[in-house]
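Can you build the whole structure from these sequences, using the hints too?
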Amino acid sequence: MSGQLIIALSRQFGSGGHEIARSLAQHFDLPLYEKNMLRHIAQSRGVDPGRLERYDELPKNRLLYRTVNGFSNAPEDVIAQMQFQYLQERASAGESFVVLGRCAEEVLKWHPGLVTMFVAADIPFRKERTMKLGHVSESRALLLIAQYDRKRRSYHNQYCKGRWGDARCYDITVNSGKLGVEGTARILADYVKARVDQVESGWGGTE
Amino acid sequence: MVAQIAAVAIFLAMFTMIVSEKIERHIVTLGCGLLTLVVVFGFCMRSSGAVWEALSLASIVRTEFWYQAGAASTSVGINWETIFFIAGMMIMVEGMAESGFFRWLCMALAKLVHYKAVPLFFAFMIMAAVLSMFIDSITVIMFLAAVTVELAQLLRMDPVPMILAEIFCANLGGSATMCGDPPNIIIGTSLGYTFGDFVANTGAMAAIAMVFVLLYFYLYFRRELTSKVQAQAPDHYPDPSQAIVNRRSFILSCVIFGCAVVLLVTHAQTHFTVSLIGVVIALGTLTASGRQAKSILRRVDYKTLLFFIGLFVVVSGLEQTGVLELLAGLISRVSGGRPMAMVAIIIWGSAAASAFIDNIPFAATMIPVIKTLAATQGADLQTLAWALSMGTDIGGNATPIGASANVVGTSIAAKNGHPIGWGRYCRALAPATVIVVAVSMLFMFIRYF
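Which chain is which? The protein sequence lines are G and F, in order.
When we follow this note's numbering, the leftmost residue of the first sequence carries the number 9, and every step to the right adds one.
When we follow this note's numbering, the leftmost residue of the second sequence carries the number -4, and every step to the right adds one.
Source of the hints: derived by calculation from the structure; they are not laboratory data.
Be careful, since some hints might not be right.
[Stated by the list, open to error] Example chain F residues on the side facing chain G (calculated, C-beta under 7 Å, incomplete): (1) Pro395; (2) Val402; (3) Val403; (4) Pro414.
Built from N, CA and C at the ideal position, the CB exists for glycine as well.
Below you can see the structure in the form of structure tokens.
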């Protein structure tokens, strides 16, 4: 792989998107950016990362905060902008990486090496995973799925023109419940490889 | 009746859209202003006179618009005196910022107190208050908060206590003068009060309250100010002179700022109106900045000026249809016609409203209300005006969205890795707001009754 590769993966809660992103990062030997971005940002500013992490990937409440002359005082908004800037700086520096959520498919849309994907799954599959990994009851798992999906949707749609999970906004949308997390990671890795090969062979493939 | 309903509907729609921030606020007020002209004055009232009165263009060519301080330029429609003055101040402040004036002032003051946390805390609070007496608090906080973060990194301390205290003091300082806060400019120009009138009344209240505020913030933040301060001194401190971008424009900025202060302080004696002062300082700044004049003009916040223009038209819709008289009647009934109760309702009501909604439209709406109260109930208009001024200026301190300076200050803190949520903000500043409003009310009760 000679050129820049940025994999932007968005996911429904419980679909195994995080695991798939980690697997893709390992497969292509790339760093994975998710919450850890805030640790880097906090380090550069000499502040406690915990202060920033509590607002990570959360939508702002329009009634509770205001914007004056371009200054927004919603901590969620400021943290989101910090992460967008961080991603843009990395991408502009020519770095290849995998990024989980954070509106990356919109924030980095002008970078030619970008591959965007959305991982969804059926409720039973997500519920089972959430109950198993989180050691929670069925009702709690369903509640978490609903809560996180709502937060991710609001967060995404506040900053992006396209709707969260809308297949038209991503290069590939996949249901991880059909092939399982590992199987989905494999086919997504194949897809990314095909995209890289396509670029390296010089074929545009837009027809 | 139909005109009243239409005026109220437009006003409420404007407020909702401003709060939602879906559309830029100047577009909202201009759009609603246009609706007021067409629907309320045109279709409902069928009065071209009301349209001209709302636009108030004739007021600009009157002699008293430029000369003869103390006379109200206009009571209905667009308050052009406010627009001209704010535009002039914006141009002056842009010129000062470009020369490095604010950063130099902050750094020079920090050096003066030897970069010690507690003296720095007091010095920056006082500077925020003093600067905000003459310059808009957004600009003051923009520079002060940025320097505070820089110094806090150097001294390894948490900048949040200082930024919160600076925000409060900037809003408090703004209440002390006619030009410190937009509601005061609107109140002063609409009711014909001078700079001296404000200093003698709201200024006195702000000065007394400032003593309580300094003490309160020191007691509230004393642990954060003293516990994390580094034992070891940094290798080097920033040199204030390095903040000066251009020495010539820096000196000229200082001179123009000094002239603006003198013109404002003496305008009751010189009979120059604030609109004339605005134009004079704008021309002075543009002439002195030479080739930079274009870039200064480009950076002027035209959106805020347009916001004011639209807002005044919408409020004139409420005023000319008699809606505000109904509101005045309600206050009168609740207070039982007792002036002290009216003052209490106005100061606490304004403070509570300003904590959550923009205090500029609120003040613009309330001016005709207090005029009606004074005319119909025999209450002293000046006393009601000072209650409105203190309520709207100070109430905004209570929440992170109450005033523009709060938004800018907390935003700068967050951008530097110190996000401030409602909890932390309100725990520190809401009690201080209550203290200042209570002190101001007691002051008014003792002095005016």
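Quick rundown of the hints versus the structure:
This hint holds: F/Pro395 has a C-beta 5 Å from the nearest C-beta of chain G, less than the 7 Å allowed. At a threshold of 7 Å, the smallest CB-CB gap from F/Val402 to chain G is about 4 Å, leaving the interface hint in force. Checking F/Val403 against chain G by beta carbon gives a least distance of about 5 Å; that is within 7 Å, so the hint holds. Residue-level restraint check for F/Pro414 holds (minimum Cβ-Cβ distance to chain G is 3 Å; threshold 7 Å).
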